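Engineer: Listed here are the chains, written in short residue letters.
2 protein chains.
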Amino acid sequence: MSQYYSSLNGQLIDTTKHSGDLLQDRGLAYGHGLFESILLAKGELPLLVRHLVRLCGDAQKLGISIQPALIESYLNQFVEYLKSEAVISGVVKIVVTAGVGGRGYQSPQLIEPSVICSYSTLPEPIAVHRRDGIAVRYCYHRLPHQPALAGIKHLNRLDQVLARREWDCADYQDGLMFSDADQLIESISANVFFKNAAGDWLTPCLKVAGVSGVMRSVLLEEIFPACQIPVQVQVIDIDEVAQCQQLFVCNSIRGLMAINSVYNFKNRLVKILPVGQQTLMLGEKLVEKYPHYQ
Amino acid sequence: MSQYYSSLNGQLIDTTKHSGDLLQDRGLAYGHGLFESILLAKGELPLLVRHLVRLCGDAQKLGISIQPALIESYLNQFVEYLKSEAVISGVVKIVVTAGVGGRGYQSPQLIEPSVICSYSTLPEPIAVHRRDGIAVRYCYHRLPHQPALAGIKHLNRLDQVLARREWDCADYQDGLMFSDADQLIESISANVFFKNAAGDWLTPCLKVAGVSGVMRSVLLEEIFPACQIPVQVQVIDIDEVAQCQQLFVCNSIRGLMAINSVYNFKNRLVKILPVGQQTLMLGEKLVEKYPHYQ
Numbered sequence: 019m020s021q022y023y024s025s026l027n028g029q030l031i032d033t034t035k036h037s038g039d040l041l042q043d044r045g046l047a048y049g050h051g052l053f054e055s056i057l058l059a060k061g062e063l064p065l066l067v068r069h070l071v072r073l074c075g076d077a078q079k080l081g082i083s084i085q086p087a088l089i090e091s092y093l094n095q096f097v098e099y100l101k102s103e104a105v106i107s108g109v110v111k112i113v114v115t116a117g118v119g120g121r122g123y124q125s126p127q128l129i130e131p132s133v134i135c136s137y138s139t140l141p142e143p144i145a146v147h148r149r150d151g152i153a154v155r156y157c158y159h160r161l162p163h164q165p166a167l168a169g170i171k172h173l174n175r176l177d178q179v180l181a182r183r184e185w186d187c188a189d190y191q192d193g194l195m196f197s198d199a200d201q202l203i204e205s206i207s208a209n210v211f212f213k214n215a216a217g218d219w220l221t222p223c224l225k226v227a228g229v230s231g232v233m234r235s236v237l238l239e240e241i242f243p244a245c246q247i248p249v250q251v252q253v254i255d256i257d258e259v260a261q262c263q264q265l266f267v268c269n270s271i272r273g274l275m276a277i278n279s280v281y282n283f284k285n286r287l288v289k290i291l292p293v294g295q296q297t298l299m300l301g302e303k304l305v306e307k308y309p310h311y312q
Numbered sequence: 019m020s021q022y023y024s025s026l027n028g029q030l031i032d033t034t035k036h037s038g039d040l041l042q043d044r045g046l047a048y049g050h051g052l053f054e055s056i057l058l059a060k061g062e063l064p065l066l067v068r069h070l071v072r073l074c075g076d077a078q079k080l081g082i083s084i085q086p087a088l089i090e091s092y093l094n095q096f097v098e099y100l101k102s103e104a105v106i107s108g109v110v111k112i113v114v115t116a117g118v119g120g121r122g123y124q125s126p127q128l129i130e131p132s133v134i135c136s137y138s139t140l141p142e143p144i145a146v147h148r149r150d151g152i153a154v155r156y157c158y159h160r161l162p163h164q165p166a167l168a169g170i171k172h173l174n175r176l177d178q179v180l181a182r183r184e185w186d187c188a189d190y191q192d193g194l195m196f197s198d199a200d201q202l203i204e205s206i207s208a209n210v211f212f213k214n215a216a217g218d219w220l221t222p223c224l225k226v227a228g229v230s231g232v233m234r235s236v237l238l239e240e241i242f243p244a245c246q247i248p249v250q251v252q253v254i255d256i257d258e259v260a261q262c263q264q265l266f267v268c269n270s271i272r273g274l275m276a277i278n279s280v281y282n283f284k285n286r287l288v289k290i291l292p293v294g295q296q297t298l299m300l301g302e303k304l305v306e307k308y309p310h311y312q
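Each protein sequence line maps, in turn, to chains B and S.
Under the numbering used here, think of the first position of the first sequence as 19, with each following residue one higher.
Under the numbering used here, think of the first position of the second sequence as 19, with each following residue one higher.
Take these hints with a grain of salt, some might be off.
Simulated restraints, written as ranges between beta carbons of each label pair [to be verified]:
{"hint": "1", "chain 1": "B", "residue 1": "Phe283", "chain 2": "S", "residue 2": "Gln261", "range": "41 to 47 angstroms"}
{"hint": "2", "chain 1": "S", "residue 1": "Glu103", "chain 2": "B", "residue 2": "Asp198", "range": "46 to 52 angstroms"}
{"hint": "3", "chain 1": "S", "residue 1": "Ser107", "chain 2": "B", "residue 2": "Pro141", "range": "46 to 52 angstroms"}
{"hint": "4", "chain 1": "S", "residue 1": "Gly28", "chain 2": "B", "residue 2": "Leu298", "range": "41 to 47 angstroms"}
{"hint": "5", "chain 1": "S", "residue 1": "Val146", "chain 2": "B", "residue 2": "Asp198", "range": "40 to 46 angstroms"}
{"hint": "6", "chain 1": "B", "residue 1": "Ala199", "chain 2": "S", "residue 2": "Leu298", "range": "42 to 48 angstroms"}
{"hint": "7", "chain 1": "B", "residue 1": "Asp198", "chain 2": "S", "residue 2": "Gln85", "range": "34 to 40 angstroms"}
{"hint": "8", "chain 1": "B", "residue 1": "Ala87", "chain 2": "S", "residue 2": "Tyr158", "range": "39 to 45 angstroms"}
{"hint": "9", "chain 1": "B", "residue 1": "Lys79", "chain 2": "S", "residue 2": "Thr139", "range": "43 to 49 angstroms"}
{"hint": "10", "chain 1": "B", "residue 1": "Gln261", "chain 2": "S", "residue 2": "Asp257", "range": "42 to 48 angstroms"}
{"hint": "11", "chain 1": "S", "residue 1": "Ile247", "chain 2": "B", "residue 2": "Cys187", "range": "16 to 22 angstroms"}
To be clear, the hints were calculated from the coordinates, so they are not data collected in a lab.
Since this is a predicted model, take the numbers as computed values, not measurements.
Beta carbons are placed, not taken as given, at the ideal position from N, Cα and C, and that holds for glycine.
Whole structure, please, built from the sequences with the hints as guidance.
Structural biologist: See below:
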């Protein structure tokens with residue numbers, strides 16, 4: 019064992035103690051880890067299986083070997099504890115990192131992942147936004163082309179942090195993010211679906227950038243088919259956004275949220291969109307199948 | 019205040035306690051932070067001023083407001099403590115994160131950065147590598163084009179982690195990293211300089227990717243001029259690497275290390291390089307100016 023010492027904000031830390039460990043964690047050092055934000059509603063985690071499947075699949079891509087049963091038991095214990103404190107709705111976030119150790123960027127041969135569960139209250143007036151829709155803004159900050167990391171909900175999130183710093187008012191509830199090649203990828207914290215000028219429903223291809231969201235997969239695999247509305251995954255140019263007929267964002271916390279107005283990079287209004295009939299139908303079908311998103 | 023609960027590896031954590039805080043830190047959640055790896059030699063941090071200047075400059079770009087004097091005092095206290103434990107050489111790493119808080123990607127208005135100092139022993143047989151040079155390998159994993167983050171030593175380091183996972187033997191001591199456009203950017207943990215076929219010394223331009231290293235700036239601003247060897251920063255094509263006459267990597271821990279052999283993506287030997295006269299001269303000048311790199 020090599021020597022190790024550390025301090026946090028000027029105070030020496032006993033790293034043999036619980037959570038002092040986090041100081042040496044590869045999640046903090048390099049963002050070598052993943053997370054899931056899971057809706058807690060009526061004491062349940064309605065999309066738990068999908069979250070676990072994504073987490074375990076993506077962990078492999080980052081060289082993190084996790085035991086799904088262990089992760090699930092930590093989550094279930096945590097939710098039981100919350101319920102014992104009469105906490106039954108909000109957001110349960112799980113962070114799984116590569117764990118503690120390694121020399122520089124190299125992971126050690128034997129390493130145990132760190133699993134952090136945390137709870138916080140719902141982030142926004144979701145009911146109002148679900149009813150009235152939200153305003154979004156184009157972000158200047160571009161998402162880089164990185165096929166090796168595209169789709170993964172990893173801990174390297176400076177792109178989202180910097181994009182979210184572009185405004186500090188309450189005028190916009192989310193921002194649309196584009197690639198260097200001026201293609202729509204996602205919003206800062208959700209995936210995007212829209213009905214183009216020709217009447218086709220589309221959602222951006224995420225092969226070179228973006229996060230492949232759990233709610234996006236629910237919509238693609240269950241909700242669009244149940245509504246008998248065709249939808250395609252494809253590369254989408256920025257110009258198509260300004261011409262769309264309907265537009266919504268979705269994630270596993272907010273469900274489906276219509277976009278009622280779009281502002282460009284210069285904060286100029288590009289488009290006002292009444293909440294469309296098909297957007298309403300998709301939202302209702304989601305609630306019918308998953309009443310927790312009511 | 020919203021409610022907050024958390025667990026680490028199945029154990030509930032009292033987040034009011036010291037370092038329980040790290041569970042909610044933006045450094046862990048998003049990689050919203052920076053780090054410096056600083057050489058500790060004979061109880062001193064020889065390049066401290068350059069490290070602090072870079073850290074403070076880059077912090078601004080990430081919206082992290084830090085007080086240089088406070089950071090310096092934490093570092094000095096930490097080094098004094100190490101000396102009191104008879105620890106006088108190794109690596110002192112400082113991590114500065116945006117701190118604890120915020121709703122999702124949005125930083126709160128008021129937030130105190132977290133400052134972590136840690137010590138570890140030197141990572142490798144540096145003396146042998148400095149004398150004999152090292153072997154490097156081309157990495158498959160490409161660095162993304164991201165001008166907004168290029169140059170910054172931030173905590174989003176999955177690219178380096180994934181590149182370092184490409185080999186697990188002791189045959190290579192570092193890997194050369196390229197952009198999507200097949201341009202040489204840096205090595206996994208250092209900057210690169212080389213003498214091309216025409217006899218010109220070059221180092222890659224870091225405007226779209228890469229970390230602008232402290233030792234790189236020492237070489238560009240002090241060591242090359244002191245040796246009266248011209249050097250240029252420019253865009254460098256992958257093909258130029260295979261034709262170079264001399265090649266070395268540098269960082270603030272290892273100093274300057276000649277590369278004696280280069281392997282390609284398929285682990286095939288591309289080039290054997292005897293340690294060149296000018297590489298030796300640059301290394302000697304570095305030690306003359308900064309004897310801690312002896």
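Engineer: When you take the CB atoms of Ala87 (chain B) and Tyr158 (chain S), is the distance between them in 39 to 45 angstroms?
Structural biologist: Violated - the Cβ-Cβ distance for Ala87 (chain B) and Tyr158 (chain S), about 33 angstroms, lies outside 39 to 45 angstroms.
Engineer: Just to be sure I understand the hint, the distance between the Cβ atoms of Val146 (chain S) and Asp198 (chain B) should be within 40 to 46 angstroms; is that true here?
Structural biologist: Since Val146 (chain S) and Asp198 (chain B) have Cβ atoms about 42 angstroms apart, the given range 40 to 46 angstroms holds.
Engineer: Between Lys79 (chain B) and Thr139 (chain S), does the beta-carbon spacing fit 43 to 49 angstroms?
Structural biologist: 31 angstroms, violated
Engineer: Given the range 41 to 47 angstroms, decide if the beta-carbon distance of Phe283 (chain B) to Gln261 (chain S) lies inside it.
Structural biologist: Distance hint for Phe283 (chain B), Gln261 (chain S) holds at roughly 43 angstroms.
Engineer: If you check the beta carbons of Gln261 (chain B) and Asp257 (chain S), does the distance land in 42 to 48 angstroms?
Structural biologist: 43 angstroms, holds
Engineer: Does the Cβ pair Ser107 (chain S), Pro141 (chain B) satisfy 46 to 52 angstroms?
Structural biologist: 47 angstroms, holds
Engineer: Against the range 41 to 47 angstroms, how does the distance between the Cβ atoms of Gly28 (chain S) and Leu298 (chain B) compare: consistent or not?
Structural biologist: Given about 42 angstroms between the Cβ atoms, the range holds.
Engineer: So does Glu103 (chain S) sit 46 to 52 angstroms from Asp198 (chain B), Cβ to Cβ?
Structural biologist: 49 angstroms, holds
Engineer: A range of 34 to 40 angstroms was offered for this pair. Does it hold for the Cβ distance of Asp198 (chain B) and Gln85 (chain S)?
Structural biologist: 35 angstroms, holds
Engineer: Take the C-beta atom of Ile247 (chain S) and the C-beta atom of Cys187 (chain B), compute their distance, and say whether it sits inside 16 to 22 angstroms.
Structural biologist: 53 angstroms Cβ-Cβ, so the 16 to 22 angstroms window is violated.
Engineer: Does 42 to 48 angstroms hold as the CB distance between Ala199 (chain B) and Leu298 (chain S), or does it fail?
Structural biologist: Holds, since Ala199 (chain B) and Leu298 (chain S) (Cβ atoms, about 45 angstroms apart) stay within the stated range.
When the structure is compared with the earlier hints, violations turn up for hints 8, 9, 11 and for no others.
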